[in-house]
Amino acid sequence: MSDICFYFQVHQPRRIKRYQYFDIGNDHEYFNSDAENDTNNARIARKVADKSYLPANAVLLENLRHHPDFKASFSISGIALEQFEEYTPEVIESFQRLVDTGRVEILSETYYHSLTFLQSPREFKEQVRMHADKVRKLFGVKPYVFRNTELIYRNDIAELVADMGYIGMLAEGADHLLGWRKPTFVYHAKDNPTLKLLLKHYKLSDDIAFRFSNKDWEEWPLTTDKFSHWVNAHNGDGNVINLFMDYETFGEHQWEDTGIFHFLRALPHEVMKHPDNGFVTPTEAFSKYKSVGEIDAPHYVSWADMERDLSAWLSNPIQHDALRAFFELENDVKRSDDESVLRDWRRLSTSDHFYYMCTKWFNDGDVHKYFSPYESPYEAFIAYMNVLNDLRLRTHAAPRSTKRTVWEAISQKTRGVLEAIKS
Amino acid sequence: MYTIEYANQAIGNLPIAFVCIMRVLMYGWEFPPHNSGGLGTACFGLVKNLVEQGVDVRFVLPRKYPTQECGAKIIYADESNPLNGEQAEGFASGYINEERLRFLKGEYPELQYGPSLYDEVLRYAALSPLVALQNQPDVIHAHDWLCYPAGIAAKRVTGAPLVIHVHATEIDRTGRYDESNPIVQIERRGMYEADRILVVSEYTKNIIVNNYGVDPDKVDVVYNGVEQKSETVIEPHEERFDDYRLQAADWKVVLFVGRLTLQKGPDYFLEAAKRVLEHRPKTLFVMTGSGDMERQIIDRAAYLGIGDKVLFTGFKRGKELGRLYKSADLFVMPSVSEPYGIVPLEALMNGTPVLLSKQSGVSEVIQNALKADFWDINSMSNQIISCLEHGSLRQTLSEEGGREARMQVWSKVAARCIIVYKKLVKTLSRAS
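Going down the list, the sequences are from chains S and Z. The numbering of the first sequence is the numbering used here, which starts it at 193 and goes up by one. The numbering of the second sequence is the numbering used here, which starts it at 11 and goes up by one.
One or more hints might be untrue.
To be verified - In silico lysine-lysine, DSS-like type, Cα no more than 30 Å apart, as pairs:
#1 S/LYS326 / S/LYS480
#2 S/LYS552 / Z/LYS368
#3 S/LYS418 / S/LYS407
#4 Z/LYS422 / Z/LYS432
#5 S/LYS480 / S/LYS418
#6 S/LYS552 / Z/LYS422
#7 Z/LYS432 / Z/LYS58
#8 S/LYS334 / S/LYS480
#9 Z/LYS239 / S/LYS552
Think of the hints as simulated: they come from the structure by calculation, not from any bench.
Assemble the whole structure, with the sequences as input and the hints as a guide.
Below is the structure:
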């Protein structure tokens, strides 16, 4: 018996415009670039919606209608959802149609797809709650399974998540996490049999997400027939095949002309030809299968790059410095009691800002892998730090909760008298 | 045409192997230690590594003067009246102007200079066929416009393919393309007659394709290397406490190194300095170099009211230059047009982060640098301030950029040249 568990990550950050030092104190709109470049968030939302989200959702809806057994799951970051509401409301509607079938599960995550788990459990939990609220409001469902930013996992994150009442989590099926074990079973977190784990089958997932259109790959072209054979080969050797990938794989990373949509459309039929195959959502997998063992992750594991660690977001001095400066502002921001300051600070917690500052790929000489709206990691860092400095000024501009003005200090009655005299 | 050498090989059953050595006749204008600019340094690095990789290089110079040992045979087109080092330096400069030449002629009447630099270039071309016939090259390689006529003449008499190497064009030096300029005409002719053209960057390739009408398929980009052991690199044991006094007082230093001339953009450096100082007064701007715009730049700094924050050191070389790199927090190259640009690599070798003009070849090679269009004062000053404010940014730029600079070795450049030579002479088997 083997079930396929599809999970798609949908996320769009609010990219910072090329904010200069001279803008500090003058311009508080950090994310409103209207330039003809890739920091223009409205433009990107429109482009990705047309190329990927809308056509892929149409294919999935078709699949759900034709195959009663087909299922899938999504995590859609809150910051992506609010941008869809703002720029492309039809994307929200198309996701709602999927969820309404009852066979598409929405997973939980931090609203801002953030790295707050690194230093601020309080902010992390707050953002998870914000996301759950957003999901309930838009889709009318409550998430039971958690997926952390970019599949980042460690024992202490599992503890935090278990505390919040989730039944399970998704993580990367990294070799050093599994050892001799296979990713095709349900596992549980260290010292916590009630928090179950699904681990990404990175080989089969990456066959679709990365290698699908690679003509140098010996298996190219990848047909549904071939892929189903690989799935069938797991029969008797596992319970669940976890295909986790960016949703932008369909139409954005793999363009339409590679045949990726045909592949997605034809896959359920081909997989279901084998009587023992099926589809599950994460929640179903956790109720259907028992955990076969414990996963101990003392170090961070993610689904990024070959290293599968945090180095994409946190390896060079500028990334460490930016993250330090970000967390340093937390107390000031929260004390300022200014909703727009808090909102902008949270938008700066999105992991992508730190990803753009990564210099790893530069040194590999592999510039193609480098995906960023900025010309260099340094440009990304400069814009980020300038924005953070403007935000700091705004927190100081509103020290209401720490100091009361004379007007506020005097009593209600005196104030009334003074008002009367004035008028 | 190949020289065949019989070499004894211990491995295998074949006691004798044929080793075909390619002979390259290379026309240069200057050579260390008496060079006036980057051309001589580049030729030295290239020749030394070509020889190490088994190429028989014969390096031709127009006049006889003392040269540094590089493993290749040095040939002087004119053996008579050898020059001493000082004379050689005066002679060498491709950028030498007419006044300087007239001055030199007055100084050394016995040297029989022609009436102008062009005549000197043509005289070189006239002597070239004899050299070529005596050496029977497989490939002829000529550096910059000064040597193109000599290269063409050699090609005519031997029939060997001609490779020209474009280190700079007249457009870089003067800022415009002028058909009536005789140097432009020589460049155009050289590019037309050449069988292959080597350029030092994609940037230069675009210039020659767009302005000189060269077929892009004829052009190969070969980035320059940088000497790994150089006088201008200050080793840890040579550092002095004095170098860091300014940093200790929280002053920051921004450095410019280059001729004070239109091509290098010193005026843009000043405008950026003005903008930075409005926001960050504890900054010093150091300008190293001399040139025709020196007066103008000093006057401008005073006019902008930043004369006390802009320091002029004059021309520096060796360890003194190294110390300037070391003491700077950021090196800025605001060149208007820079075919390659070796200076930022020297800064990086000293651990100093760099801001590069996008109108430069070196910005294609160094990814870990700040970059701006030379005219974009806003972007340039924004990046300068950020770099001075954030130590993490300086550290990352210095570490990652330094790694890239150290990867630019001459052996890679030589290997690429050999590929070009081999393609030109087609099959090696013809030799046996």
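Here's how the hints hold up against the structure:
1. S/LYS326 / S/LYS480: Holds, because 28 Å separates the two Cα atoms, which is no more than 30 Å.
2. S/LYS552 / Z/LYS368: holds (22 Å)
3. S/LYS418 / S/LYS407: Given that 30 Å is the threshold and the Cα spacing comes to 16 Å, the pair holds.
4. Z/LYS422 / Z/LYS432: holds (16 Å)
5. S/LYS480 / S/LYS418: Holds, at roughly 27 Å.
6. S/LYS552 / Z/LYS422: holds (23 Å)
7. Z/LYS432 / Z/LYS58: Answer holds: Z/LYS432 to Z/LYS58 is near 19 Å, not above 30 Å.
8. S/LYS334 / S/LYS480: holds (20 Å)
9. Z/LYS239 / S/LYS552: Given pair Z/LYS239, S/LYS552 holds - Cα atoms ~27 Å apart, limit 30 Å.
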